[in-house]
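**Q** This is what each chain is made of:
4 protein chains.
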Amino acid sequence: MKIGFVGLGHMGAPMALNLLKAGHALTVFDLSAEAMQTLADAGATKAASPKAAAAGAEWVVTMLPAAAHVRTVLTAEDGVLAGIAKGVTIIDSSTIDPASAKEFGALAANNGNAFVDAPVSGGTGGAAAGTLTFMVGGSAALYESVKPVLSGMGKNIVHCGETGTGQVAKICNNLVLGVTMAGVAEAMALGEALGIDSKVLGGIMNTSTGRCWSSDTYNPFPGVIETAPSSRGYTGGFGTDLMLKDMGLATDAAKSVHQPAYMGALAQQLYQAMSSRGDGKLDFSAIIKLYRGEKS
Amino acid sequence: MKIGFVGLGHMGAPMALNLLKAGHALTVFDLSAEAMQTLADAGATKAASPKAAAAGAEWVVTMLPAAAHVRTVLTAEDGVLAGIAKGVTIIDSSTIDPASAKEFGALAANNGNAFVDAPVSGGTGGAAAGTLTFMVGGSAALYESVKPVLSGMGKNIVHCGETGTGQVAKICNNLVLGVTMAGVAEAMALGEALGIDSKVLGGIMNTSTGRCWSSDTYNPFPGVIETAPSSRGYTGGFGTDLMLKDMGLATDAAKSVHQPAYMGALAQQLYQAMSSRGDGKLDFSAIIKLYRGEKS
Amino acid sequence: MKIGFVGLGHMGAPMALNLLKAGHALTVFDLSAEAMQTLADAGATKAASPKAAAAGAEWVVTMLPAAAHVRTVLTAEDGVLAGIAKGVTIIDSSTIDPASAKEFGALAANNGNAFVDAPVSGGTGGAAAGTLTFMVGGSAALYESVKPVLSGMGKNIVHCGETGTGQVAKICNNLVLGVTMAGVAEAMALGEALGIDSKVLGGIMNTSTGRCWSSDTYNPFPGVIETAPSSRGYTGGFGTDLMLKDMGLATDAAKSVHQPAYMGALAQQLYQAMSSRGDGKLDFSAIIKLYRGEKS
Amino acid sequence: MKIGFVGLGHMGAPMALNLLKAGHALTVFDLSAEAMQTLADAGATKAASPKAAAAGAEWVVTMLPAAAHVRTVLTAEDGVLAGIAKGVTIIDSSTIDPASAKEFGALAANNGNAFVDAPVSGGTGGAAAGTLTFMVGGSAALYESVKPVLSGMGKNIVHCGETGTGQVAKICNNLVLGVTMAGVAEAMALGEALGIDSKVLGGIMNTSTGRCWSSDTYNPFPGVIETAPSSRGYTGGFGTDLMLKDMGLATDAAKSVHQPAYMGALAQQLYQAMSSRGDGKLDFSAIIKLYRGEKS
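Sequence order for the protein chains is A, B, C and D.
With this note's numbering applied, the first sequence closes on residue 296, and no number is skipped along the way.
With this note's numbering applied, the second sequence closes on residue 296, and no number is skipped along the way.
With this note's numbering applied, the third sequence closes on residue 296, and no number is skipped along the way.
With this note's numbering applied, the fourth sequence closes on residue 296, and no number is skipped along the way.
It is possible that some hints are incorrect.
Listed next, the in silico DSS-like pairs over lysine-lysine satisfying Cα-Cα at most 25 Å (straight line) [what the hints assert, rightly or not]:
(1) LYS281/A / LYS295/D
(2) LYS199/D / LYS102/C
(3) LYS281/D / LYS289/A
(4) LYS2/C / LYS155/C
(5) LYS147/B / LYS199/A
(6) LYS147/B / LYS102/B
(7) LYS289/A / LYS295/D
(8) LYS245/B / LYS245/D
(9) LYS102/D / LYS147/D
(10) LYS281/B / LYS295/C
(11) LYS281/A / LYS289/D
(12) LYS102/A / LYS281/C
(13) LYS199/B / LYS155/A
(14) LYS289/B / LYS281/C
(15) LYS295/C / LYS289/B
(16) LYS199/D / LYS199/C
(17) LYS102/C / LYS245/A
(18) LYS295/B / LYS295/C
(19) LYS289/D / LYS295/A
(20) LYS281/B / LYS147/C
(21) LYS199/A / LYS102/B
(22) LYS245/C / LYS245/A
(23) LYS295/A / LYS295/D
(24) LYS295/A / LYS281/A
(25) LYS295/D / LYS199/C
(26) LYS102/C / LYS295/B
(27) LYS289/D / LYS289/A
(28) LYS295/A / LYS281/D
(29) LYS245/B / LYS147/D
(30) LYS199/D / LYS147/C
(31) LYS199/C / LYS289/D
(32) LYS155/C / LYS199/D
(33) LYS102/A / LYS199/B
(34) LYS295/B / LYS289/C
(35) LYS155/B / LYS199/A
(36) LYS289/B / LYS102/C
(37) LYS245/B / LYS147/A
(38) LYS295/D / LYS102/B
Hints listed in this document are in silico derivations from the structure and should not be mistaken for laboratory results.
Starting from the given sequences, assemble the full structure and let the hints guide the process.
**A** Here it is as structure tokens:
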């Protein structure tokens, strides 16, 4: 299939490479010439604009940092909507707020195009390995139609409901993630201060009611889980600033529907404290430093 | 073995029954004559005081609501320490603060007795089924010695470290539990307000980074997990008031070692809000009512 | 002086009336024909658009609900910037985020106009009485130049610094206000539950270190301050939804400069809880209902 | 009058000295021989025990760190209750929990003595100057009877209600104080980050709805209030660890009556974070360091 792909960052580049490997023909655009060249070297065609990337494509995929970028990429004079053929579906894998996803769906519909929001989980590792989970918002028929494209980049393609619900799923999951990590960090640091061995405590939690991904897979205390970022200096995982962005999406979404988000709002401030002291690039499990009195 | 058992409440009674079933000889004491009669009907001997229950026992087990009760049961004129033979080990399965556990360990030592703290997880269901997890604080030798007794009441007997660390493990695990449940409740209610199907959201969380016991086993949203208390009107699980007690132990323990407990302290207030509006007897997952606007 | 005035809502209308009383000639615009007629009856000239209101004016004043409205009113085809003469100063009294204020300052400068942000405190009462406080962001010279206009609507005209700092002052003040009110509500409800007479407690706070506007002028407990909204059913003050908007501006501003806002974020969720249960129109001091167990 | 005085710490010593200056005869006790000697040099009689200090006294005043000390001082074999004459009133000026105050009132009554709780505000400065505020819990008649004694040490003697309500007033006031200070610190740091001059911001707050003792008298930002501890390196005021103790009393009291204390519990964790990083001796307004990124 002929696919236009816009956004070749840390996530977008490996995703596009996997589409090439899956045998698709890609026309790509990114503001970085270097990023485009990497894809061109792998067989993609370089485009001069999002419009050019969309021209002639049977599918358009966008993977961008925030809603503002998606809006520009879609609606600018040289944007996707200006170049895309009628009837072609736009797949936006950016993590953005659900309201913007719905707005983009409406913009696409006005232009004669279908739109699905399809944010991912799995990180850069999953993007490289082609094992991402896609959370898809759009009609059941649309979901079925995009599966063959997404299966070139991921393993689990989950239908969440109508347009925007892919983002809802992503945001709600990451809200839980941000809260549980803060809670596990608090408890592991408390246990240390109270004199229990951290591996013993981790082991108990992971076989009891405190069990969670933040404890059994990504435990923030160094040495409890050897493969976790905490065991390699909090490098190479999901950055604090990215978690902060997602917590912001969650509390903003809560505000939009008049829901209190007590736990999320507090966790957000804790990640913010990490970011403001200069630790925004560390894996988000480094939040335990706030509890263990480790300076940045 | 001859075992003295003090405290025949919702947890203590089924634990004592399992010890009888395992072939031990029990002498029991409780303030409730009815509770004592139930055990007597099953083959236990009734004692007139903790002292009498301890007299002649090879082991003494206590299962009481709070540290104050343990202190009284041990140190009163007709208490355990007055009746127990030198060298006999006291096993306290109450959930109390680690400092009190250490204090009781010292009191026992002064009396010529060993002491382990051995709080449990698994609830009344686990107590009845004999599948409790025991978190044992005491020397490695002591841990080995109490295993045969505890294995009559539970499945996992975990050594946590020196005296008091059993309580530390229990408290830290339940701190995580209280925080994750509040976080999952917040996210599930947010997802509902944003229009995603709750079973779909639960399914995504449970296979992604939001995965936790509070979501995949005990999800607070009705209908997501059919066996969870939320699917039967929040009855029959771990009561909000009990969670509140444990959150209080956690934040008090944090205070004692000068650790901040941001997330735990906030979750504690949310459970407190449930309790103060009259919902303290509901399962603690009913905290989602605060988010869904359900009145008590 | 000839003044163009856009935005005749609960605050804007009495402000414009006071400018008329002060002897200025007003050309007004609002989306509500009724609001315009009220001003016309008082001597103002009706305009068909913001552009028309700005045409021929020596000063333009805007008083609108949020930054998005200000942006539209300034930049639309029939907006203020299209009609205003070069060199005329725009005074925006809306409460908006500081970044947008700076952006509007730059837009105005590009159009050959000066711009000050001049949000107010004092509420609808102060607007009617002409006793508002204006917090002015702009150069010292600009501040001096706008004083004669603002003094027709308010009593204190305070210079805060460069463009945007008027909004900063407003937002930071209201952040403190939202936090202190929540704190006073919590303490007054706690005192009640602990058995102290609320007037006695209020009296002690107001002469001690707990003294604050939220206690000595606007105490949330009914009957402590006879003139406070709490003593008249939480009606007629500063609505919960307005406080919620300001808390949102504060936490968003904190996010923009990577500052944690622990207390503000938590208070925001509490006001959100009030709003979500249907109490958003009550005075913000009604937050005490969350503590006293009063249903909406 | 003959007064027995127990507890000659930072507060107790200057209070006792003022009683001497007022012409009373004092018999004093403290665990520190040095503290006793200071008072003896000023004319007091040294006692060998609380019992001895109470013997022959017409009034007994206690000023101790916490409820546990008061309990010991009253009930020990050589304690106050063992030495005091029937009918003599005990005045406890310690800051303790209301439930303990009631318990001590009952113990005194059983011993044939009256008891009032009379905690103070005003700090060591007010203790030295004799300008303390006393918050008195006890019957109206008792309140009248203790006024002549207390007026030797303070300026405002306020009747709060029955036994224990003096402590309630103190705790609730300090709950507000701890919350408002955290809120002001958050807002002043936010204002700084957003580019407003801190003196200007302080000035606006102090004449607007953000006005509070924590801002207009004790502003945490250096230089805003020249006489505040923040303007002299956060020395010499009300220590963070003391504030932490009072926040603990407040949240514990809230727990005892099943009241949520969201804001207080969060502020408590922030002061705890200051204490755990080694800043517990700094004035509590140093909490602003958490927001300004200042290391300890």
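**Q** All hints are to be evaluated individually against the structure, with a verdict given for each.
**A** Quick rundown of the hints versus the structure:
Proposed proximity of LYS281/A and LYS295/D is supported: the alpha carbons are some 20 Å apart, at most 25 Å. A hinted pair counts as satisfied when its Cα atoms are at most 25 Å apart, and LYS199/D with LYS102/C qualifies at roughly 22 Å. Between LYS281/D and LYS289/A the alpha-carbon distance is near 22 Å, which keeps this suggested pair within the 25 Å criterion. A threshold of 25 Å between alpha carbons decides the hint, and for LYS2/C with LYS155/C the separation of about 21 Å falls inside it, so the pair holds.
Between LYS147/B and LYS199/A the alpha-carbon distance is near 21 Å, which keeps this suggested pair within the 25 Å criterion. The suggested pairing of LYS147/B with LYS102/B holds, with an alpha-carbon distance near 20 Å, which does not exceed 25 Å. Only pairs whose Cα atoms come within 25 Å are accepted, and LYS289/A paired with LYS295/D is accepted, the gap being roughly 14 Å. A C-alpha spacing of about 21 Å is found between LYS245/B and LYS245/D, which places the hinted pair at or below 25 Å, so the restraint holds.
About 20 Å separates the Cα atoms of LYS102/D and LYS147/D, which keeps this hinted pair within 25 Å; it holds. Between LYS281/B and LYS295/C the alpha-carbon distance is near 20 Å, which keeps this suggested pair within the 25 Å criterion. Only pairs whose Cα atoms come within 25 Å are accepted, and LYS281/A paired with LYS289/D is accepted, the gap being roughly 22 Å. At most 25 Å may separate the alpha-carbon atoms for a hinted pair to count; LYS102/A and LYS281/C exceed this at roughly 29 Å.
Our distance criterion of 25 Å between C-alpha atoms is met by LYS199/B and LYS155/A, whose separation comes to about 21 Å. Distance check on the hinted pair: LYS289/B and LYS281/C sit about 22 Å apart at the alpha-carbon level, within 25 Å; holds. Only pairs whose Cα atoms come within 25 Å are accepted, and LYS295/C paired with LYS289/B is accepted, the gap being roughly 14 Å. For the hint linking LYS199/D to LYS199/C, the alpha-carbon distance of about 34 Å lies beyond 25 Å, and the restraint is violated.
The suggested pairing of LYS102/C with LYS245/A holds, with an alpha-carbon distance near 23 Å, which does not exceed 25 Å. The suggested pairing of LYS295/B with LYS295/C holds, with an alpha-carbon distance near 8 Å, which does not exceed 25 Å. Pair hint LYS289/D plus LYS295/A holds up; C-alpha atoms about 14 Å apart against a cutoff of 25 Å. Proposed proximity of LYS281/B and LYS147/C is contradicted: the alpha carbons are some 62 Å apart, above 25 Å.
For the given pair, LYS199/A sits about 22 Å from LYS102/B by alpha-carbon distance, which is consistent with the 25 Å threshold. Only pairs whose Cα atoms come within 25 Å are accepted, and LYS245/C paired with LYS245/A is accepted, the gap being roughly 21 Å. Using a Cα cut-off of 25 Å, the hinted pair LYS295/A and LYS295/D holds, with the two alpha carbons roughly 8 Å apart. Our distance criterion of 25 Å between C-alpha atoms is met by LYS295/A and LYS281/A, whose separation comes to about 15 Å.
Taking the CA atoms of LYS295/D and LYS199/C, the gap is about 42 Å. The hint is violated against a cut of 25 Å. With a C-alpha separation of about 45 Å, the suggested pair LYS102/C and LYS295/B falls outside the 25 Å cut-off, and the hint is violated. This hinted pair checks out: LYS289/D and LYS289/A have alpha carbons roughly 17 Å apart, not beyond 25 Å. At roughly 20 Å between alpha-carbon atoms, LYS295/A and LYS281/D fall within 25 Å of each other, so this suggested pair holds.
Between LYS245/B and LYS147/D, the direct Cα distance comes to roughly 41 Å. Violation of the 25 Å bound is thereby established for this hinted pair. Between the alpha carbons of LYS199/D and LYS147/C the distance comes to roughly 21 Å, so the proposed pair stays at or under 25 Å and holds. A hinted pair counts as satisfied when its Cα atoms are at most 25 Å apart, and LYS199/C with LYS289/D does not qualify at roughly 35 Å. A C-alpha spacing of about 20 Å is found between LYS155/C and LYS199/D, which places the hinted pair at or below 25 Å, so the restraint holds.
For a cut-off of 25 Å, the pair hint linking LYS102/A to LYS199/B stands: about 22 Å separates their Cα positions. Annotation: proposed proximity of LYS295/B to LYS289/C holds, straight-line Cα distance about 14 Å (limit 25 Å). Our distance criterion of 25 Å between C-alpha atoms is met by LYS155/B and LYS199/A, whose separation comes to about 20 Å. Distance hint between LYS289/B and LYS102/C is unfulfilled; the C-alpha atoms sit about 42 Å from each other, more than 25 Å.
Under the criterion of a C-alpha separation no larger than 25 Å, the hint pairing LYS245/B with LYS147/A is inconsistent with the structure, at around 49 Å. Annotation: proposed proximity of LYS295/D to LYS102/B is violated, straight-line Cα distance about 35 Å (limit 25 Å).
In this structure, the earlier hints numbered 12, 16, 20, 25, 26, 29, 31, 36, 37, 38 are contradicted, and the remaining ones agree with it.
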